[in-house]
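> Now for the letters of each chain:
2 protein chains.
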Amino acid sequence: MREIFKQEMQQLGDDLLKQGREAARSMEGAAESLKNANLALAEQVIDADKRIDALERNLDEMGISLLARQAPVAADLRTVVSALRISSTLERMGDLARHVAYVARGRYPERVNSGEVYDLLVEMAEHATIVGHRVAELLDSHDLELAERIEEEDSILDKLHQKSFSLILDEKQHMERQELIDTVLLARYMERYGDHGVSIARRITFLVTGIHAERNMSIGDVALGYEERQ
Amino acid sequence: MREIFKQEMQQLGDDLLKQGREAARSMEGAAESLKNANLALAEQVIDADKRIDALERNLDEMGISLLARQAPVAADLRTVVSALRISSTLERMGDLARHVAYVARGRYPERVNSGEVYDLLVEMAEHATIVGHRVAELLDSHDLELAERIEEEDSILDKLHQKSFSLILDEKQHMERQELIDTVLLARYMERYGDHGVSIARRITFLVTGIHAERNMSIGDVALGYEERQ
Numbered sequence: 001m002r003e004i005f006k007q008e009m010q011q012l013g014d015d016l017l018k019q020g021r022e023a024a025r026s027m028e029g030a031a032e033s034l035k036n037a038n039l040a041l042a043e044q045v046i047d048a049d050k051r052i053d054a055l056e057r058n059l060d061e062m063g064i065s066l067l068a069r070q071a072p073v074a075a076d077l078r079t080v081v082s083a084l085r086i087s088s089t090l091e092r093m094g095d096l097a098r099h100v101a102y103v104a105r106g107r108y109p110e111r112v113n114s115g116e117v118y119d120l121l122v123e124m125a126e127h128a129t130i131v132g133h134r135v136a137e138l139l140d141s142h143d144l145e146l147a148e149r150i151e152e153e154d155s156i157l158d159k160l161h162q163k164s165f166s167l168i169l170d171e172k173q174h175m176e177r178q179e180l181i182d183t184v185l186l187a188r189y190m191e192r193y194g195d196h197g198v199s200i201a202r203r204i205t206f207l208v209t210g211i212h213a214e215r216n217m218s219i220g221d222v223a224l225g226y227e228e229r230q
Numbered sequence: 001m002r003e004i005f006k007q008e009m010q011q012l013g014d015d016l017l018k019q020g021r022e023a024a025r026s027m028e029g030a031a032e033s034l035k036n037a038n039l040a041l042a043e044q045v046i047d048a049d050k051r052i053d054a055l056e057r058n059l060d061e062m063g064i065s066l067l068a069r070q071a072p073v074a075a076d077l078r079t080v081v082s083a084l085r086i087s088s089t090l091e092r093m094g095d096l097a098r099h100v101a102y103v104a105r106g107r108y109p110e111r112v113n114s115g116e117v118y119d120l121l122v123e124m125a126e127h128a129t130i131v132g133h134r135v136a137e138l139l140d141s142h143d144l145e146l147a148e149r150i151e152e153e154d155s156i157l158d159k160l161h162q163k164s165f166s167l168i169l170d171e172k173q174h175m176e177r178q179e180l181i182d183t184v185l186l187a188r189y190m191e192r193y194g195d196h197g198v199s200i201a202r203r204i205t206f207l208v209t210g211i212h213a214e215r216n217m218s219i220g221d222v223a224l225g226y227e228e229r230q
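Sequences listed follow chains V and Y, in order.
Quick note on numbering: full-length UniProt numbering labels position 140 of the first sequence as 140, and the sequence is numbered without any gaps.
Quick note on numbering: full-length UniProt numbering labels position 109 of the second sequence as 109, and the sequence is numbered without any gaps.
With the rest of the complex left out, here is chain V (with noise of 0.2 Å):
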């Protein structure tokens, strides 16, 4: 009985890297079609999220299942727990590389902006992108240094988050109606992608360590600018 949690259990962390490395291939391959108006990438990516969906109805059924078959108590249920949100977030990070690639794609063949936006944007990309690797990495290897990368991670998108806002409000800049949608909707899906990854990097440091993260606000939040606008 033993023997055959311990294998489940092995195919539950299994499955969540799997599903970790086609959320981070997903926003790699998103970031990829932004900066180069990439159409078949970019499909690519819209059809991957499927394959990250069906993982985690899998990981869903897998880690009930064990709940009810095994009872495990203690770390091994935190583990359990941990594992079903966690396919969960990686769920909502694969839905954002898609948001993505989708953008590229209604704009192909265009590029979606031109200019100071553009770069913002690919940075933006290169940095989800990032935090998308680190994240497999962390659930490969439990290592929490790759957690304090992904919190770093973070903080830059939430600055370009909030860099983004003021290039969209200087008039200075010329952009057409669509332009500025998808700036804004881009800059956020990006941004929340780099949150997703760093609810996952706090849970993994709280599976490891036993401590909570503080649950504060995110740096995002302050970032938008709505505090100190009167």
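Check before you lean on any hint, since a few could be wrong.
The list cannot tell twin chains apart, which means a pair is met if one copy fits it or any two copies do.
Listed next, the in silico EDC-like pairs over lysine to aspartate or glutamate satisfying Cα-Cα at most 20 Å (straight line) [stated by the list, open to error]:
#: 1; residue 1: LYS163; residue 2: GLU123
#: 2; residue 1: LYS159; residue 2: GLU126
#: 3; residue 1: LYS163; residue 2: GLU179
#: 4; residue 1: LYS35; residue 2: GLU179
#: 5; residue 1: LYS163; residue 2: GLU176
Just so you know, the hints here were simulated from the structure itself, not pulled from any lab data.
Fit chain Y to the given chain V structure using the hints.
Positioned in the frame of chain V, the structure of chain Y alone reads:
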């Protein structure tokens, strides 16, 4: 033991209902603050979000404790796991209501928009408020007619979301950059609030009937129009 278990399950349900009512009140308050540039109400909504987050943390602990000590199986297990999920989703709905309130507060004493765009956003906020209330009622009654109502309201929100893009893209609508940002974000926040409501509705439906709703793409994704634009 069984009696304690039943009490604990009841407590879980009661706290989830409390959280659902808070999430509904938050969107109602946010909607009102948007409609009438009500600063005090916006501040209340922003504050209330801490309560929603605290309820989620409590529910989390209670749920995991229940799983550890009582090792529920079958329907009870699915109920506890679902409660954890629903609580996460309600926490996210509270965040979205708070984001709507941030926008209202940031533009005070002006309203966020005027004319057609204002009317549309106020309409979306009303439908989002309905979603919130129906979700709370569904958590209370498990009456699946409410689940259908929620899906209908979400459809309306998706259509209004699509309409918001048409309005923004219409150059004849004069809009400052700030208004453009706020409109894109507000419409998205409220559309996502509807999506989360549907997610809870489907989970309750699954709990009651044992049948998974087809996990198809949100109408909102298509409504974004990215698939149609060339």
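> Next, verify each hint and record whether it holds.
How the hints compare with the structure:
no., hint, in the structure
1, LYS163 x GLU123, "within (12 Å within a copy, 31 Å between copies)"
2, LYS159 x GLU126, "within (14 Å within a copy, 33 Å between copies)"
3, LYS163 x GLU179, "both (16 Å within a copy, 17 Å between copies)"
4, LYS35 x GLU179, "within (15 Å within a copy, 28 Å between copies)"
5, LYS163 x GLU176, "both (19 Å within a copy, 18 Å between copies)"
Taken one by one, the earlier hints all hold for this structure without exception.
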